[in-house]
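Engineer: Residue numbers (the UniProt record's numbering): 1 to 238.
Quick caveat, the hints were computed from the structure, so don't treat them as lab data. All residues carry an ideal CB built from backbone N, CA and C; glycine is no exception. One or more of the hints may lead you astray.
Ranges between beta-carbon positions, derived for each pair [what the hints assert, rightly or not]: (1) Asn105 to Arg187: 18 to 24 Å; (2) Tyr228 to Thr51: 37 to 43 Å; (3) Ile31 to Met216: 37 to 43 Å; (4) Asp55 to Met216: 21 to 27 Å; (5) Lys238 to Asp109: 47 to 53 Å; (6) Phe196 to Phe219: 30 to 36 Å; (7) Val66 to Val120: 25 to 31 Å; (8) Asn58 to Met216: 40 to 46 Å; (9) Asp64 to Phe219: 34 to 40 Å; (10) Val120 to Phe170: 43 to 49 Å; (11) Asp61 to Glu102: 41 to 47 Å.
List of simulated lysine-lysine pairs, BS3-like, C-alpha gap at most 27 Å [stated by the list, open to error]: (12) Lys4 to Lys160; (13) Lys238 to Lys160; (14) Lys165 to Lys238; (15) Lys48 to Lys160; (16) Lys165 to Lys227; (17) Lys226 to Lys160; (18) Lys4 to Lys48; (19) Lys48 to Lys69; (20) Lys165 to Lys225; (21) Lys160 to Lys225; (22) Lys226 to Lys4; (23) Lys4 to Lys238; (24) Lys160 to Lys235; (25) Lys165 to Lys69; (26) Lys226 to Lys165.
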Amino acid sequence: MNYKLTIIVPVYNEEDNLERVETELLNYINIASVPTCILFINDGSKDKSQTMIEDICNRNDAFDYVLFKENRGLSAAIKAGFDYADTELVGYIDSDLQTSPEDFNLLLDHINDNELVTGVRADRKDSFVKNMSSKIANGIRRAFTKDGMDDTGCPLKIIKTEYAKRIPMFRGLHRFLPAMIMLQNGRVTQIPVRHFPRIAGTAKFGLWNRLLGPLMDCFAYLWMKKKYINYDVAKTSK
1 MNYKLTIIVP
11 VYNEEDNLER
21 VETELLNYIN
31 IASVPTCILF
41 INDGSKDKSQ
51 TMIEDICNRN
61 DAFDYVLFKE
71 NRGLSAAIKA
81 GFDYADTELV
91 GYIDSDLQTS
101 PEDFNLLLDH
111 INDNELVTGV
121 RADRKDSFVK
131 NMSSKIANGI
141 RRAFTKDGMD
151 DTGCPLKIIK
161 TEYAKRIPMF
171 RGLHRFLPAM
181 IMLQNGRVTQ
191 IPVRHFPRIA
201 GTAKFGLWNR
211 LLGPLMDCFA
221 YLWMKKKYIN
231 YDVAKTSK
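Work out the full structure: start from the sequences and follow the hints.
Structural biologist: If you want it as structure tokens, here you go:
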């Protein structure tokens, strides 16, 4: 089948969520506005996640996986998804399913006019501490990057793959995807999406990951912005 969209699903110790992930993504594939496939990136899980992923892929033609030798973090998992995707568009959703795959259709409505479309979690179902730390981190990031995005931590995005593959990756980059697309003179926009409580598994990010870590990453982004190489080809014989 000629797929147009690859949905990247990073997985790290999510055995309690994967049956629901399979069900929700299968349901979405049936209503997706473009032909869609799924790519699990197993970030070195220590539980039964890999066995479950292989079972899911064996019974569903539209599902594939990449298994890391060891845990390398969310940004590395997203990069691997970009590297292995061979479709025109690439999407991203967390395996905790606090966002709904159905809302990819809302983002796809805007991808023709943009190079990246990101969700904004409306009426977030997280704890007070998590919500406040995210708001502070997003405010700091906006001040540094001028990307105008309210919620870059939202785990629901669609990107044109040719732009995604050109992103210079570093740890923590998943919070800077709109800014990195803008470095390529790409267009970005944000669309409200639904948000749900986590049903199973445990959150992988604490206060350091949400607040202090992103502050340090902002300085890495500023250095990269200053050194970033961008060019437009006028003509070629190839």
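Engineer: Among the hints numbered above, which are violated by the structure, and what are their numbers in rising order?
Structural biologist: 4, 5, 10, 11, 15, 18 and 22
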